[in-house]
Amino acid sequence: MQTIQQQWFGNIRGDILSGIVVALALIPEAIAFSIIAGVDPMVGLYASFSIAVIIAFVGGRPGMISAATGAMALVMVNLVADHGLNYLLAATILTGVIQIFLGVFKIAKLMRFIPNSVMIGFVNALAILIFMAQVPHILGEGIITYAFVAVTLIIVYTVPRFIKVIPAPLIAIIILTAITFIFSFELKTIGDLGTITQSLPSFFLPEVPFTLETLQIILPYSLALAIVGLLESLLTSQIVDDMTDTKSDKNREARGQGIANFITGFFGGMAGCAMIGQSMINVKSGGRGRLSTLVAGVFLIFLIIVLGDLVVDIPMPVLVGIMIMVCIGTFDWSSFKYVATAPRADALVMIVTVAIVVYTDNLAIGVVIGVILSALFFVASISRVKITEHDGIYIIEGPLFFASTQHFVQTIEQATANHITIDLSSSHLWDESSVGAIVKVVSKLEEQGKTVTVKGMNPASELLYQKLLGITTSH
Amino acid sequence: MYHHILLAAEGSENSLRAANEAIKLAKCSSNSIIEVVMVTDFDKSMQDILHAQSSDSLLLERKRKISNVEQLLKREQVNYKITLLKGSPGPEIVRYANEQKVDLLVIGSRGLNVLQEMVLGSVSHKVIKRVNCPALIVK
Numbered sequence: 001m002q003t004i005q006q007q008w009f010g011n012i013r014g015d016i017l018s019g020i021v022v023a024l025a026l027i028p029e030a031i032a033f034s035i036i037a038g039v040d041p042m043v044g045l046y047a048s049f050s051i052a053v054i055i056a057f058v059g060g061r062p063g064m065i066s067a068a069t070g071a072m073a074l075v076m077v078n079l080v081a082d083h084g085l086n087y088l089l090a091a092t093i094l095t096g097v098i099q100i101f102l103g104v105f106k107i108a109k110l111m112r113f114i115p116n117s118v119m120i121g122f123v124n125a126l127a128i129l130i131f132m133a134q135v136p137h138i139l140g141e142g143i144i145t146y147a148f149v150a151v152t153l154i155i156v157y158t159v160p161r162f163i164k165v166i167p168a169p170l171i172a173i174i175i176l177t178a179i180t181f182i183f184s185f186e187l188k189t190i191g192d193l194g195t196i197t198q199s200l201p202s203f204f205l206p207e208v209p210f211t212l213e214t215l216q217i218i219l220p221y222s223l224a225l226a227i228v229g230l231l232e233s234l235l236t237s238q239i240v241d242d243m244t245d246t247k248s249d250k251n252r253e254a255r256g257q258g259i260a261n262f263i264t265g266f267f268g269g270m271a272g273c274a275m276i277g278q279s280m281i282n283v284k285s286g287g288r289g290r291l292s293t294l295v296a297g298v299f300l301i302f303l304i305i306v307l308g309d310l311v312v313d314i315p316m317p318v319l320v321g322i323m324i325m326v327c328i329g330t331f332d333w334s335s336f337k338y339v340a341t342a343p344r345a346d347a348l349v350m351i352v353t354v355a356i357v358v359y360t361d362n363l364a365i366g367v368v369i370g371v372i373l374s375a376l377f378f379v380a381s382i383s384r385v386k387i388t389e390h391d392g393i394y395i396i397e398g399p400l401f402f403a404s405t406q407h408f409v410q411t412i413e414q415a416t417a418n419h420i421t422i423d424l425s426s427s428h429l430w431d432e433s434s435v436g437a438i439v440k441v442v443s444k445l446e447e448q449g450k451t452v453t454v455k456g457m458n459p460a461s462e463l464l465y466q467k468l469l470g471i472t473t474s475h
Numbered sequence: 476m477y478h479h480i481l482l483a484a485e486g487s488e489n490s491l492r493a494a495n496e497a498i499k500l501a502k503c504s505s506n507s508i509i510e511v512v513m514v515t516d517f518d519k520s521m522q523d524i525l526h527a528q529s530s531d532s533l534l535l536e537r538k539r540k541i542s543n544v545e546q547l548l549k550r551e552q553v554n555y556k557i558t559l560l561k562g563s564p565g566p567e568i569v570r571y572a573n574e575q576k577v578d579l580l581v582i583g584s585r586g587l588n589v590l591q592e593m594v595l596g597s598v599s600h601k602v603i604k605r606v607n608c609p610a611l612i613v614k
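Chains A and B supply the protein sequences, listed in that same order.
Take the first sequence: its position 310, counting from 1, is numbered 310 in our numbering, and each next residue is one higher.
Take the second sequence: its position 9, counting from 1, is numbered 484 in our numbering, and each next residue is one higher.
Excised from the complex, chain A in its bound form:
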């Protein structure tokens, strides 16, 4: 891993330029995610500023961008609708506390238990939910709205071919906001959905009663936010690791996400996490170090303070078009091939994860059920033991443990030869059940007057076998 100095000042020029690019690309997303969550645009903008700046110092993956995200916004929708902003801020603070704990207890190790199928399901479900959140802003809004969405999409997909320095969404915003003014189109704007305050965020305590009841309200949301935030952050850090061919400290990142959310809650910002799309933009624009994340956050709030007046005039359909682009970029399009070619169980887990998320509107529930389901499938698949018999010699292929011993016992018990050999050289004894099963079948067959030889146990299995039978070997 690089030194602190390299992480901060190893790539000054590249980091400053890419940070500016990211700030420009972040503004529309931060506003759109605020609208998804049902809060004022400032809540997402303050969160993006605060999280980016804090994570620049305490994160574990230099060059990664964290801010207000769609995944987190989707989790908090009901909390905001039922209880309002102050409860969201309290939940954000609690999310931070949970994430700090998880980081201290080395959550990153646990991430390895989340299989690809669940991660693919997660990003697909995320894309679908963000898309579904845009539909109400389009349907029935009239022909001009449809046209604006379409033109936005055309701009964001064609302009990058020719202009690479300025993010295409920003170009779409500038052109289409100008057109709205020139032709004085009657379109819904950001100003219709909230206000923009041209000031820095300030410290305040969320106005919630400090009671057990409050905790009961926010805890389920905070847990879900903590899980979703860490999941997307650790996935993003893997992607940034791969893009830059460098390593990162995943547990430090988890703690950093916690610290960032904890502080952000006190400054009127919503919980956030790392962003896949923005981090990729950052790396592609030349950002590698912590400075890029810091510049992104600082430049974002600078732009809002200077240009806040203009931001309220951005037409909603343009923002919707940008969100559709985010969906298309988030969705894993190779999933269709994956469903056709991956093992049945994996494909099923992926589809179930997506289905549960879309049905419950909760990313965390989908992920948890997906992980449980895939764990069950995994146990089921490795508990399949193949037993072949030839002249009284039984060859056992596959591990023996609590889930696989039943088939083993049933097959061997039915042996008819007078001398039976159990060949374990392609197997492994894992637990008490496996040792118990061997002892059980051997004694049962011997009761029938047969002779039994057990051979080919590997050293580790032998050791377990002897230990559980109470045999002590003299050294």
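Since the hints were derived computationally from the structure, they do not count as laboratory data.
The beta-carbon is built from N, C-alpha and C at its ideal position, and this holds for glycine as well.
The reader is advised that the hints may include incorrect statements.
[Said to hold, decoys possible] Cβ-Cβ distance ranges computed for the label pairs, FRET-style:
1) 199/A <-> 605/B: 44 to 52 angstroms
2) 341/A <-> 495/B: 29 to 37 angstroms
3) 245/A <-> 504/B: 25 to 33 angstroms
4) 504/B <-> 12/A: 41 to 49 angstroms
Chain B: place on chain A using the hints.
Frame of chain A, contents of chain B only:
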């Protein structure tokens, strides 16, 4: 003659033919080395990470893409090494070739994605325009 030969490959038929020509040139001198370079596009990272079981399996998978070239180099018993890079293929090959001051760059005329080349132009064309060393395009 050419000591350090850079061979850009991505697993296509064309890059295999390019490898053949690189081998011929490498055999002209006794101490030459062919460096096979494969660039993985930044945009592939997300999909690759999502579908790979671990970073180790991902590395294996990527190396497998150019295993046809590697087998050929092994069979022909030339000195070689494999370098995997990340970025936008064209500019990244140019950057690497110029930075390493290689003696010769060998590249296939077109890659795997014919459709993309029709829209964006070929990687080899862009590379040849901007690389500082002599270059060989193999049809």
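Now for the hints, and whether the structure bears them out:
1. 199/A <-> 605/B: 44 to 52 angstroms: Once the Cβ atoms are compared, 48 angstroms apart, the range 44 to 52 angstroms for residue 605/B and residue 199/A holds.
2. 341/A <-> 495/B: 29 to 37 angstroms: holds, 32 angstroms
3. 245/A <-> 504/B: 25 to 33 angstroms: holds, 31 angstroms
4. 504/B <-> 12/A: 41 to 49 angstroms: holds, 42 angstroms
Every hint, counting from the list given before, is met by this structure.
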